[in-house]
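Residues 19 to 117 in our numbering are what the sequence shown lists, from first letter to last.
It cannot be assumed that every hint is accurate.
[To be verified] Dumping the calculated EDC-like pairs for lysine to aspartate or glutamate here, alpha-carbon to alpha-carbon at most 20 Å:
| no. | residue 1 | residue 2 |
| --- | --- | --- |
| 1 | Lys-48 | Asp-76 |
| 2 | Lys-48 | Asp-80 |
| 3 | Lys-48 | Glu-85 |
| 4 | Lys-48 | Glu-100 |
| 5 | Lys-48 | Glu-71 |
| 6 | Lys-79 | Asp-50 |
| 7 | Lys-48 | Asp-102 |
| 8 | Lys-48 | Glu-73 |
[Claimed, not checked] FRET-style restraints, in silico, Cβ to Cβ:
| no. | residue 1 | residue 2 | range |
| --- | --- | --- | --- |
| 9 | Gly-52 | Ala-27 | 29 to 37 Å |
| 10 | Leu-53 | Val-96 | 16 to 24 Å |
| 11 | Trp-114 | Gly-52 | 15 to 23 Å |
| 12 | Gly-117 | Arg-62 | 16 to 24 Å |
In case anyone wonders, no lab produced these hints; they're calculated from the structure.
Glycine included, C-beta positions come from ideal geometry on N, C-alpha and C.
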Amino acid sequence: MMRGDIRRALALVRRRTHRGPPVEARLLEKPDCGLCAEAHRALRRVALDVPLEIERVDITKDPALFERYALRIPVVVVGERELDAAGVDDRALRAWLRG
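Generate the whole structure from the sequences, applying the supplied hints.
Okay, structure coming up:
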């Protein structure tokens, strides 16, 4: 078994034994945004350890969101909390998601 396979298997066990609902995270992004793509990859990696429901929101489709977040994206939103996620590392993202 390869190291990646073991990590995915352990993540599956963690998700199945997690108590409570998954964290609902919204990723505010726009098309052709490299930082947004990296933030999404980071969320997917962290989701191996922290059960997440990830919703990707294209801010260009909502003028109010675009006006508010155009210069800040990518932004991760959980409830009322917001994280400017440009360049965030997995450890910091994991800690932030756990509250």
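Structure-based check of all given hints:
1. Distance restraint check for Lys-48 and Asp-76: the Cα-Cα separation of roughly 5 Å lies within the 20 Å cut-off, and the hinted pair is therefore satisfied.
2. Under the criterion of a C-alpha separation no larger than 20 Å, the hint pairing Lys-48 with Asp-80 is consistent with the structure, at around 11 Å.
3. Proposed proximity of Lys-48 and Glu-85 is supported: the alpha carbons are some 12 Å apart, at most 20 Å.
4. For the proposed pair Lys-48 and Glu-100, the alpha carbon gap of about 17 Å is at most 20 Å, so the pair holds.
5. Between the alpha carbons of Lys-48 and Glu-71 the distance comes to roughly 19 Å, so the proposed pair stays at or under 20 Å and holds.
6. At roughly 14 Å between alpha-carbon atoms, Lys-79 and Asp-50 fall within 20 Å of each other, so this suggested pair holds.
7. Note on Lys-48 and Asp-102: the hinted pairing holds, with a Cα-Cα distance of about 14 Å set against a maximum of 20 Å.
8. As the CA atoms of Lys-48 and Glu-73 are separated by approximately 13 Å, the hinted pair is consistent with the 20 Å bound.
9. Taking the beta carbon of each, Gly-52 and Ala-27 are about 31 Å apart, inside 29 to 37 Å as hinted.
10. With their beta carbons about 19 Å apart, Leu-53 and Val-96 fall inside the hinted range of 16 to 24 Å.
11. For the pair Trp-114 and Gly-52, the supplied restraint of 15 to 23 Å holds, since their beta-carbon distance comes to about 21 Å.
12. For the pair Gly-117 and Arg-62, the beta carbons lie near 20 Å from each other, so the given range of 16 to 24 Å is met.
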